[in-house]
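Line by line, the protein sequences give chains A and E. Every letter in the first sequence is one number past the one before it in numbering that gives the first Met the number 0, and letter 26, counting from 1, is 25. Every letter in the second sequence is one number past the one before it in numbering that gives the first Met the number 0, and letter 311, counting from 1, is 310.
Keep in mind that a hint or two might mislead.
[As the list claims (entries may be wrong)] BS3-like cross-link-like pairs, simulated, lysine-lysine; straight-line CA separation at most 27 Å:
| hint | chain 1 | residue 1 | chain 2 | residue 2 |
| --- | --- | --- | --- | --- |
| 1 | E | Lys186 | A | Lys150 |
| 2 | A | Lys197 | A | Lys173 |
| 3 | E | Lys197 | A | Lys150 |
| 4 | E | Lys134 | A | Lys261 |
| 5 | E | Lys261 | A | Lys136 |
| 6 | E | Lys150 | E | Lys173 |
| 7 | E | Lys27 | E | Lys325 |
| 8 | E | Lys255 | A | Lys134 |
| 9 | E | Lys134 | E | Lys277 |
| 10 | A | Lys255 | E | Lys277 |
| 11 | E | Lys275 | A | Lys134 |
| 12 | E | Lys277 | A | Lys275 |
| 13 | E | Lys275 | A | Lys275 |
| 14 | E | Lys150 | A | Lys193 |
| 15 | A | Lys255 | E | Lys136 |
| 16 | E | Lys134 | A | Lys255 |
| 17 | A | Lys277 | E | Lys275 |
| 18 | E | Lys255 | A | Lys261 |
| 19 | A | Lys193 | E | Lys187 |
Don't read these hints as lab results, they were simulated from the structure.
2 protein chains.
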Amino acid sequence: MKIIVDAFGGDYSPEQTVLGALDALGAKSSLRIVLTGDEEKIAEVLKGQSYDKTRLEIVHAPAVVTGNDVPTEAVRKMTDSSLVKGLDLLASDDEAQAFVSTGATGAVLVGAYMKIGRIKGVSRPALAPALPTVKGKPVILCDCGANIDCKPVNLLHFAIMASAFSSAVTGAAKPVVGLLSNGAEAKKGNELNKEAFKLLSECPHIDFAGNCEARDMLSGDFDVVVADGFNGNIALKSAEGTAGAIFSVLMDGINKGGLRAKLGALLLRPVLRVVKNKMDYNAQGGACFLGLNKVVVKAHGAAKRKSVCAAILQARKLAKSEITEKIRMAVRTAAETGGNDAD
Amino acid sequence: MKIIVDAFGGDYSPEQTVLGALDALGAKSSLRIVLTGDEEKIAEVLKGQSYDKTRLEIVHAPAVVTGNDVPTEAVRKMTDSSLVKGLDLLASDDEAQAFVSTGATGAVLVGAYMKIGRIKGVSRPALAPALPTVKGKPVILCDCGANIDCKPVNLLHFAIMASAFSSAVTGAAKPVVGLLSNGAEAKKGNELNKEAFKLLSECPHIDFAGNCEARDMLSGDFDVVVADGFNGNIALKSAEGTAGAIFSVLMDGINKGGLRAKLGALLLRPVLRVVKNKMDYNAQGGACFLGLNKVVVKAHGAAKRKSVCAAILQARKLAKSEITEKIRMAVRTAAETGGNDAD
Numbered sequence: 000m001k002i003i004v005d006a007f008g009g010d011y012s013p014e015q016t017v018l019g020a021l022d023a024l025g026a027k028s029s030l031r032i033v034l035t036g037d038e039e040k041i042a043e044v045l046k047g048q049s050y051d052k053t054r055l056e057i058v059h060a061p062a063v064v065t066g067n068d069v070p071t072e073a074v075r076k077m078t079d080s081s082l083v084k085g086l087d088l089l090a091s092d093d094e095a096q097a098f099v100s101t102g103a104t105g106a107v108l109v110g111a112y113m114k115i116g117r118i119k120g121v122s123r124p125a126l127a128p129a130l131p132t133v134k135g136k137p138v139i140l141c142d143c144g145a146n147i148d149c150k151p152v153n154l155l156h157f158a159i160m161a162s163a164f165s166s167a168v169t170g171a172a173k174p175v176v177g178l179l180s181n182g183a184e185a186k187k188g189n190e191l192n193k194e195a196f197k198l199l200s201e202c203p204h205i206d207f208a209g210n211c212e213a214r215d216m217l218s219g220d221f222d223v224v225v226a227d228g229f230n231g232n233i234a235l236k237s238a239e240g241t242a243g244a245i246f247s248v249l250m251d252g253i254n255k256g257g258l259r260a261k262l263g264a265l266l267l268r269p270v271l272r273v274v275k276n277k278m279d280y281n282a283q284g285g286a287c288f289l290g291l292n293k294v295v296v297k298a299h300g301a302a303k304r305k306s307v308c309a310a311i312l313q314a315r316k317l318a319k320s321e322i323t324e325k326i327r328m329a330v331r332t333a334a335e336t337g338g339n340d341a342d
Numbered sequence: 000m001k002i003i004v005d006a007f008g009g010d011y012s013p014e015q016t017v018l019g020a021l022d023a024l025g026a027k028s029s030l031r032i033v034l035t036g037d038e039e040k041i042a043e044v045l046k047g048q049s050y051d052k053t054r055l056e057i058v059h060a061p062a063v064v065t066g067n068d069v070p071t072e073a074v075r076k077m078t079d080s081s082l083v084k085g086l087d088l089l090a091s092d093d094e095a096q097a098f099v100s101t102g103a104t105g106a107v108l109v110g111a112y113m114k115i116g117r118i119k120g121v122s123r124p125a126l127a128p129a130l131p132t133v134k135g136k137p138v139i140l141c142d143c144g145a146n147i148d149c150k151p152v153n154l155l156h157f158a159i160m161a162s163a164f165s166s167a168v169t170g171a172a173k174p175v176v177g178l179l180s181n182g183a184e185a186k187k188g189n190e191l192n193k194e195a196f197k198l199l200s201e202c203p204h205i206d207f208a209g210n211c212e213a214r215d216m217l218s219g220d221f222d223v224v225v226a227d228g229f230n231g232n233i234a235l236k237s238a239e240g241t242a243g244a245i246f247s248v249l250m251d252g253i254n255k256g257g258l259r260a261k262l263g264a265l266l267l268r269p270v271l272r273v274v275k276n277k278m279d280y281n282a283q284g285g286a287c288f289l290g291l292n293k294v295v296v297k298a299h300g301a302a303k304r305k306s307v308c309a310a311i312l313q314a315r316k317l318a319k320s321e322i323t324e325k326i327r328m329a330v331r332t333a334a335e336t337g338g339n340d341a342d
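Can you make the complete structure from the sequences, with help from the hints?
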């Protein structure tokens, strides 16, 4: 399995990205990685590291796309950037099965869409992170920001694609799907949700459990939570912000709490670390951009070695599970049974 | 100041609701409270409690509206319920300035709207809780669920009303307003948001700081965050669910962590309690239903004594600040300068 990794564009690139790639190579002996980016800078990070040189290739790409670049323009014009070169490689190399980037989300999405193309029948590709839950297994939130204004059929496709994703990651035969809404009752929801609720209820290819309140998103009762990109983004970032706020207030309390608090924190450190790791969605890998002809994973911009490695291994797992083919089949079957009016 | 308190409808009613009312009476000597609900059951809770009897009145109302009742029907037909009787009192008694209930949100909103009526010029009354932030001062989230499908002008009114609320609660002269969106940049947002962004930018009566990512909602950088009721509800409940998930994983870790973890937790208990209290939005009081002709506060269904007391004192503060008059003025001024096309 060959995976392309954009070595630049993240907050800790290239160092942490390259080290994460080496960790992934160490973890899976059948894995081959192509790093795209400034050759010299990558070589500097590799110096002194021990790894299987036959499984790592570097493709020189001196430019870096940043969050300040306009995505469509960057993808068209910055052909010598680590992002665009990586996506071109993914598109042209039949052996390459996945692409991982810590780069600017907008550019990664636009680039992947333009270079790799969407699966026939998928109305809108969507960004789907795997989030931690109280029960340990992840929940797939789809969409979390790629599609801001949606139609009901888009949400049906999100459900179908994210179900395939969930099966690939957890092995669940029929993942439980919830529709993000302002209440658990069937009558709740805005206009979009009410229409989508009908489509999801009528689709025989997913296990639709009804509305999911944002409060229950991380409960572990759902394997997939479907939302338009605007609301999914709000749910995701509200969760992220709250976790950050709680840890910030906790650290502040410990710092100001004198000896007793500091000793308590020291003793509780292993537990606090477990909590932080368990609730840290970056540790789960990246967000998969579902609905394209090949696997594209967007890791967090602030991803360090461990998260980059997790994202690469997740991309490998998704490609190995033939998720693209599964989504193609699922969307086609849904269309044949009337659950699709997009194409 | 006379405040009507619905003694029933909450998870811990009437006991915790009545005790919370007594605490509020104890805290403010100029406060008078009318409790509505089953006289006998209320008397049972009062037995043995010491309080100023001249400042507490009970109005018998044997029925209880629950979440299973259809709001409009309940408000029309259950005239002997603690909720409807309370609202009727608020509407008819000129001395009564505020109403507090832990009852079913839908019924409280519908009842308050039907019985008290909206302020002239306000396109839609909205539910606005005060949430805790990292900086200590609260942020007002408006709307968080009363209006599921909104128009841009509704969001402008939410901003105006919540600014008046924020000033009343924190004393801030010009509260900083953010618009909940999927990114901080001005170009971010769905169709509704982009239109609302324009209206908010052009309104001279608020201090609009641009888009607010859900991640920054609890940062303390904003005094007011405006959203349609669907998005606001998702942001609020995602925050609530995440806080719950973190504490649940933490408790689980402590329980399974052996002696070391338990000792650590014991030493850290004061800090953990501060974190829990600081991040617990119920401790801040209730959610105010803004835009009505009198103050209506919806406390959490699971509110206990302390939260009920906080909600009553918050209602008192709001009424004392003449928030209704302030909102009336602010909406009128906004309309005169072209920022309102609702009426």
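Hint-by-hint comparison with the structure:
Between the alpha carbons of E/Lys186 and A/Lys150 the distance comes to roughly 21 Å, so the proposed pair stays at or under 27 Å and holds. A C-alpha spacing of about 19 Å is found between A/Lys197 and A/Lys173, which places the hinted pair at or below 27 Å, so the restraint holds. Restraint check for E/Lys197 and A/Lys150: satisfied, since their Cα atoms lie roughly 24 Å apart, inside the 27 Å limit. Taking the CA atoms of E/Lys134 and A/Lys261, the gap is near 22 Å; set against the 27 Å cutoff, the hint holds.
Proposed proximity of E/Lys261 and A/Lys136 is supported: the alpha carbons are some 26 Å apart, at most 27 Å. Taking the CA atoms of E/Lys150 and E/Lys173, the gap is near 24 Å; set against the 27 Å cutoff, the hint holds. A threshold of 27 Å between alpha carbons decides the hint, and for E/Lys27 with E/Lys325 the separation of about 24 Å falls inside it, so the pair holds. Distance check on the hinted pair: E/Lys255 and A/Lys134 sit about 15 Å apart at the alpha-carbon level, within 27 Å; holds.
Straight-line distance between C-alpha atoms of E/Lys134 and E/Lys277 comes to about 10 Å, which keeps the hinted pair within the 27 Å bound. For the hint linking A/Lys255 to E/Lys277, the alpha-carbon distance of about 15 Å falls within 27 Å, and the restraint holds. Distance restraint check for E/Lys275 and A/Lys134: the Cα-Cα separation of roughly 22 Å lies within the 27 Å cut-off, and the hinted pair is therefore satisfied. Distance check on the hinted pair: E/Lys277 and A/Lys275 sit about 19 Å apart at the alpha-carbon level, within 27 Å; holds.
Taken as a hint, the E/Lys275 and A/Lys275 pair is honoured in the structure, with Cα atoms around 17 Å apart against an allowance of 27 Å. Between E/Lys150 and A/Lys193 the alpha-carbon distance is near 18 Å, which keeps this suggested pair within the 27 Å criterion. A C-alpha spacing of about 19 Å is found between A/Lys255 and E/Lys136, which places the hinted pair at or below 27 Å, so the restraint holds. Restraint check for E/Lys134 and A/Lys255: the C-alpha separation of about 15 Å stays at or below 27 Å, so the hint holds.
Simply put, A/Lys277 and E/Lys275 have alpha-carbon atoms about 19 Å apart, close enough for the 27 Å limit, and the pair holds. Restraint check: the Cα-Cα separation between E/Lys255 and A/Lys261 comes to about 21 Å, which is no more than 27 Å; the hinted pair holds. A threshold of 27 Å between alpha carbons decides the hint, and for A/Lys193 with E/Lys187 the separation of about 25 Å falls inside it, so the pair holds.
Consistency with the previously given hints is maintained throughout, with no hint failing.
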